[in-house]
Each structure stands twice: as C-alpha cells, then as structure tokens.
Amino acid sequence: MNSIDDVPRPALNTFRFSDVDEFRNAIRGLNFEFTPFVRKISAEQTILSLPGCDVNLTRAFPRVVDAQLVGNCTAIGLTMDDLNVPIRFNGSQRARPAVVIGTGGAAYTSIEEVQRQIASVVFRPEVRDRGWPPTLTSFKIFEISAAGLHRLRSVVREVMSEASKPIEASELSLKSAAMKESLLGAVDDAFESVVSARWTLHSNDGRNFKIFQDINTLISEDLSQPMYSDEIARKLGLSVRTMHDVVRRYRGMSLHRYLRLRRLWLVRRRLLAGADSVKGVALAFGFWHLSDFSRSYRDQFGETPSQTLDRGRGHRR
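Under this note's numbering, the first residue of the sequence shown carries the number 115, and numbering increases by one thereafter.
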C-alpha cells in the first residue's frame, strides 16, 4: 500500500447538496419522496455500509417526507440534535427524547420545518429476536429516557468516527462486526428505557395512518385534476370532517395548502426536465389562474417559472 488512502476501511461515502433540485436520497432500502419548503439548502448525507447494516447521518432541510422501507430489514431512526423544534412524525410532534422503528414494508410520513440532524440505522436481515417493539405497516415512535438517547447518539457518532480512520486489512471484518454489535446493544438499551407517553398513541395508531395513506394515494393518482373534499370523502367512505382532521394531523396543514405545495413542486420538476411551455405545464397541474400561479411559484422557489424552464432547457443542450 502506497498511501493512507490505500488502507482498508468500511465503506463510507458523503454526499452534499446546495440546491433542492439536485437532492437525491442515498439511503439504501428506503423508497423516498419529498416535497420541499425551500429551494436553497445545505444538505449532507454520510452513509456507512457495514456487513448486515447501514448507518446514515443526514443534515436535512425543511420538507415533507413520505417513505417506505423495503422488505426483510429493520430501521431505527433518531434525531442527533437538541433543537426545541419537534418533527411531526406520523401525525404527532413533541420535543422529547424519542426513537422510531420500522420493519420491512413499514411506511412513515414526517414534516421537518427546520434543518435537522437525523440518523438512521438499517439492519439486514430483519431483527426478530431482541425483544424490540413489533411494527406492521407503519413505523412506530417511542419516547425514551434522555440517557438512552444520549447513549445511542454517542455510539452512532463513535462508529462513524472510527469508520473514517484507516483499519488494517486483517482487522476489517472483526471491527465491522463489533461496530454492528455495539449499535445493536445501544438500540437494546434505548428500548429498555422506553417511557410510557400518551402523545405517542396517535403516531402509533395504525388505523388513522391507513386512512391517511388512502387519502394520500387517492389525491396523488392525478394531481392535474381538481380535488373536492366531498368527492374524496365519498370515495373513501369518510366524513369530510374526519378527512380534513386526518390530513391536518399528518400534514400539519390543510388539504388545499398541501395539494398546492405538492403541485408547485411537481411543476418545477417538469420545467427542469425541459417542458414545452410554462403555460402548458401549469394547466396540466390544475393552475388555471396563471398570474396567481407565477406569484406563488416565485414566492416558493425564488425565481419565475420561465427562469426555471430556461435552466432546464440549458441542461439538456
């Protein structure tokens, strides 16, 4: 070996993004969609791949997230900062020490209103024999002791720090296995420190989450068509009041506002792909009042739709 760069180490990669249009989720095993609240970001993802698990550190940005885990794995998530600004996770938000868990196929939705530091550990295959809380179709959140969260954060940081250092080839396999075992032990400790908390009941309510998913699926089928509350409620067999309450709980905003935000983001993606015209794309996504659309677009993304289209066409040349 001729240099320190030739010395083996666990697979560690860092991805940085300054513009939301460039952001791509790099976490393996997580089907991920997002709607941003801002355009300019300072995001970073550091991914450590160990045999049997991936450790992910993310400096996130304000956004709405919808995600689903692939099969045969278990994911653990936690915040790595102490901001007194709670993340809305599966419809509940509290600035309390907490950890989330999901197993193969589980889904979650979250709203991150400010930049956050978030960690996740994805174990493969699915962890079944350690007494961790079971999950079905949705992630679950649990309040834990401050000490339990501190230990889990510390182990994640130590593992990431150690993985950045050169390791002798003969030690790589043993050290990687030991890192994974330390992570498993820290998660064990976290779940042993679970605190009974009523606020987690809403997040862990599978029935309401299923209603939300049904609503989200229906409104996402064709965002170019106008959506009326009574029609959506009728198709799902809900009252209009129940539907609005569920959307506000999980999205933190009205159905109308969320649909508008989502449509603006989809318009932007289409313009960046080099659409034929701003007017055509706007109309395709249900924006019939073009001056109002242009104003909303500029307020959201800091540039006019025409400027976005010009950039999109420039990238295609």
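Do not rely on the hints blindly, as some may be mistaken.
Unchecked claim - For lysine to aspartate or glutamate, the following EDC-like pairs were computed, each having C-alpha atoms within a straight-line distance of at most 16 Å:
1) Lys-324 x Glu-285
2) Lys-294 x Glu-240
3) Lys-324 x Glu-417
4) Lys-154 x Asp-135
5) Lys-154 x Glu-417
6) Lys-154 x Asp-133
7) Lys-154 x Glu-136
8) Lys-154 x Asp-413
9) Lys-289 x Asp-303
10) Lys-393 x Asp-359
11) Lys-349 x Asp-336
12) Lys-349 x Glu-335
13) Lys-289 x Asp-302
14) Lys-349 x Asp-328
15) Lys-294 x Asp-328
16) Lys-294 x Glu-276
17) Lys-154 x Glu-227
18) Lys-289 x Glu-272
Unchecked claim - What follows is a list of derived Cβ distance ranges for each label pair:
19) Leu-197 x Arg-383: 25 to 33 Å
20) Asp-406 x Glu-227: 33 to 41 Å
21) Lys-154 x Glu-276: 47 to 55 Å
22) Gly-388 x Ala-261: 48 to 56 Å
23) Ser-420 x Leu-315: 43 to 51 Å
24) Phe-129 x Gln-421: 50 to 58 Å
25) Phe-129 x Arg-383: 13 to 21 Å
26) Lys-154 x Ser-278: 25 to 33 Å
Bear in mind the hints are in silico, worked out from the structure with no lab data behind them. Ideal Cβ placement from N, Cα and C applies to all residues, glycine included.
Results for each hint:
The straight-line distance between the Cα atoms of Lys-324 and Glu-285 is roughly 46 Å, outside the 16 Å bound, and the hint therefore fails. For the suggested pair Lys-294 and Glu-240, the alpha carbons sit about 14 Å apart, so the restraint of at most 16 Å is met. Distance hint between Lys-324 and Glu-417 is unfulfilled; the C-alpha atoms sit about 37 Å from each other, more than 16 Å. Using a Cα cut-off of 16 Å, the hinted pair Lys-154 and Asp-135 holds, with the two alpha carbons roughly 9 Å apart.
A distance of roughly 11 Å separates the Cα atoms of Lys-154 and Glu-417; the hinted pair therefore holds under the 16 Å criterion. Restraint check for Lys-154 and Asp-133: satisfied, since their Cα atoms lie roughly 5 Å apart, inside the 16 Å limit. A hinted pair counts as satisfied when its Cα atoms are at most 16 Å apart, and Lys-154 with Glu-136 qualifies at roughly 10 Å. Taking the CA atoms of Lys-154 and Asp-413, the gap is about 13 Å. The hint holds against a cut of 16 Å.
Restraint check for Lys-289 and Asp-303: the C-alpha separation of about 21 Å exceeds 16 Å, so the hint is violated. At most 16 Å may separate the alpha-carbon atoms for a hinted pair to count; Lys-393 and Asp-359 exceed this at roughly 34 Å. For the proposed pair Lys-349 and Asp-336, the alpha carbon gap of about 15 Å is at most 16 Å, so the pair holds. Our distance criterion of 16 Å between C-alpha atoms is met by Lys-349 and Glu-335, whose separation comes to about 13 Å.
The straight-line distance between the Cα atoms of Lys-289 and Asp-302 is roughly 20 Å, outside the 16 Å bound, and the hint therefore fails. Under the criterion of a C-alpha separation no larger than 16 Å, the hint pairing Lys-349 with Asp-328 is consistent with the structure, at around 10 Å. For the hint linking Lys-294 to Asp-328, the alpha-carbon distance of about 37 Å lies beyond 16 Å, and the restraint is violated. The suggested pairing of Lys-294 with Glu-276 holds, with an alpha-carbon distance near 12 Å, which does not exceed 16 Å.
Between Lys-154 and Glu-227 the CA atoms are separated by roughly 14 Å; this keeps the pair inside 16 Å, and the hint holds. Note on Lys-289 and Glu-272: the hinted pairing holds, with a Cα-Cα distance of about 13 Å set against a maximum of 16 Å. A beta carbon spacing of about 29 Å between Leu-197 and Arg-383 agrees with the range 25 to 33 Å that was offered as a hint. Asp-406 and Glu-227 have their C-beta atoms about 25 Å apart, which leaves the hinted 33 to 41 Å range violated.
The hint said 47 to 55 Å for the Cβ distance between Lys-154 and Glu-276, and at roughly 33 Å that hint is violated. For the pair Gly-388 and Ala-261, the beta carbons lie near 53 Å from each other, so the given range of 48 to 56 Å is met. At about 48 Å, the beta-carbon gap between Ser-420 and Leu-315 stays in the expected band of 43 to 51 Å. Separated by about 26 Å at the C-beta atoms, Phe-129 and Gln-421 break the suggested range of 50 to 58 Å.
Between Phe-129 and Arg-383 the CB atoms are about 19 Å apart, so this pair conforms to the stated range of 13 to 21 Å. Taking 25 to 33 Å as the suggested C-beta distance range, the pair Lys-154 and Ser-278 conforms, at roughly 28 Å.
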